[in-house]
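Visitor: Each chain is listed here by its residues.
Protein chains: 2
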Amino acid sequence: MNRHQLVEQIFKKKSFLCVGLDTDLRKIPPHLLNDPDPIFAFNKQIIDATEPFAVAYKPNIAFYEALGPRGWASLQRTIEYIPKHCFTIADAKRGDIGNTSSLYAQAFFDEKSSGLNFDSVTVAPYMGRDSVTPFLEFADKWVILLALTSNEGGADFQLSTDQSGEYLFEKVLRVSQTWAHANRLMYVVGATQTQWLAQVRRIVPDAFLLVPGVGAQGGSLAEVAKHGLNADAGLLVNASRSIIYASNEPDFAEAARHEARLMQAEMAVCLAQLRR
Amino acid sequence: MNRHQLVEQIFKKKSFLCVGLDTDLRKIPPHLLNDPDPIFAFNKQIIDATEPFAVAYKPNIAFYEALGPRGWASLQRTIEYIPKHCFTIADAKRGDIGNTSSLYAQAFFDEKSSGLNFDSVTVAPYMGRDSVTPFLEFADKWVILLALTSNEGGADFQLSTDQSGEYLFEKVLRVSQTWAHANRLMYVVGATQTQWLAQVRRIVPDAFLLVPGVGAQGGSLAEVAKHGLNADAGLLVNASRSIIYASNEPDFAEAARHEARLMQAEMAVCLAQLRR
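So the sequences go chain by chain: A and B.
Heads up: the first sequence runs through residues 1285 to 1560, numbered per my numbering.
Heads up: the second sequence runs through residues 1285 to 1560, numbered per my numbering.
Do not rely on the hints blindly, as some may be mistaken.
One copy or any two copies: either way a pair holds, since identical chains are not told apart in the list.
As the list claims (entries may be wrong) - Taking lysine to any residue pairs in the SDA-like style, the calculated list, with each CA pair at most 25 angstroms apart, reads:
#, residue 1, residue 2
1, Lys1328, Pro1489
2, Lys1298, Val1553
3, Lys1396, Asn1318
4, Lys1396, Arg1458
None of these hints come from the bench; they were simulated from the model.
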């Protein structure tokens, strides 16, 4: 999916909601455990229920990988099921030397090889340029680079300052713009760090930001929108647990739909204030 | 495998060689492609041939992941096949927020969940402490943290200096020692960076270093040993392509054995110079 198509979906659905498919066998409603593929059975109902209100879906790959080959099979079924007008994110946080990053790109982008055909993958920046650029050799596929993460340990290195006073996450934002255009490169910026969001926006005015940490992790959607929106929206705000685990009963999909609809309604108000 | 057992193997085999199982369908001898699982068929013969000279095996996970579920099945068979006295490394370069890193730990360490039972996993440090420590909750399992990598882009951020002049990779080494003991935490230090190896050793005198980049990537074993060895050896030197692709003919395993034996012989000389 290219940027034009993504922006079109956002303004059509009046939503920049991304639903995180962090699907955990220990947390899904127990009645689903009798299904031959409980993970996919859960995801399918979540997707059906939330699709009118969401523009993107983000499976965190760890949840599938932890189950070995059967987890990868559930992931394949899930990605195949997501409607093509939704943007898909492999939240994998990969990154390796060049020829190996090419294989990770193949894993998430090349359906013939791996059975997966995501629109984008999250990548850790520690190994630098040649760990990132191989992902961009696939047409219309995106890299979403970790910049400032929402976890406590995010401060350990990302807030290191260099001799000019620049934070490491700022350097990642600045330098990576020389690797790819904002039509192919997004950034992860945690919503628990809203004090930094305006600063991120100054460094990358055009880029899309993937913002996790709204909902269960405690970030505020209004604050994120205030500091993060640009003319193309430029935001994908992710909510995982607050939507997919809104209920643990047979009505879980309806409860998820309700939560997604609430977030979409708040997003519609934010988008209406944009001049386009 | 604990540190005592690893050190014992190194001095018993007079080797600190790690064989990288970067097994690529496009590079293995063509006659293997008729096998129901060509990747495992190749790995099995490489392991049989090199095991007398190697103390560790390191599959780079990208090579398996690129093939989807069947790649994970090949990886499971490979790990199950490696003799238990060899140290196994999942070169996965993972790392995510705490509860998600726990799932990656499950993926590589918890055989009941994923079918994999590695001794260690490589982890990227960008997300900090709570992205690393969940891996240490499994007894006798190791984290191998990226410090200074052998690729060109390694310099992009790893050689950023802070206000006191400390490089980012030095900060990673220094700070991470407060997270775990050297009996559970190793570091990746690229062999193409031998000028830095002595400096790394000053910061982490006791830790094991996993050194890739010897062989095909051009690093020198003698230089690595000179700057990197400590009283427990403290080194695992990895070679991938120079061993596993030494020949593309039906004699590939014999050729791999020959290359591994040459490296082991050089390592035996280095180890004999240690006072123990």
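Visitor: Next step is simple, just say for each hint if it's right about the structure.
Guide: Outcome of the hint check:
1. Lys1328 / Pro1489: Neither: 35 angstroms inside a chain and 52 angstroms across chains, both beyond 25 angstroms.
2. Lys1298 / Val1553: Cα proximity of Lys1298 and Val1553: one copy only (8 angstroms, versus 68 angstroms across).
3. Lys1396 / Asn1318: Between copies only: 19 angstroms across chains, 31 angstroms inside a chain, cut-off 25 angstroms.
4. Lys1396 / Arg1458: neither (35 angstroms within a copy, 44 angstroms between copies)
Checked against the numbered hints above, the structure breaks hints 1 and 4 and satisfies the rest.
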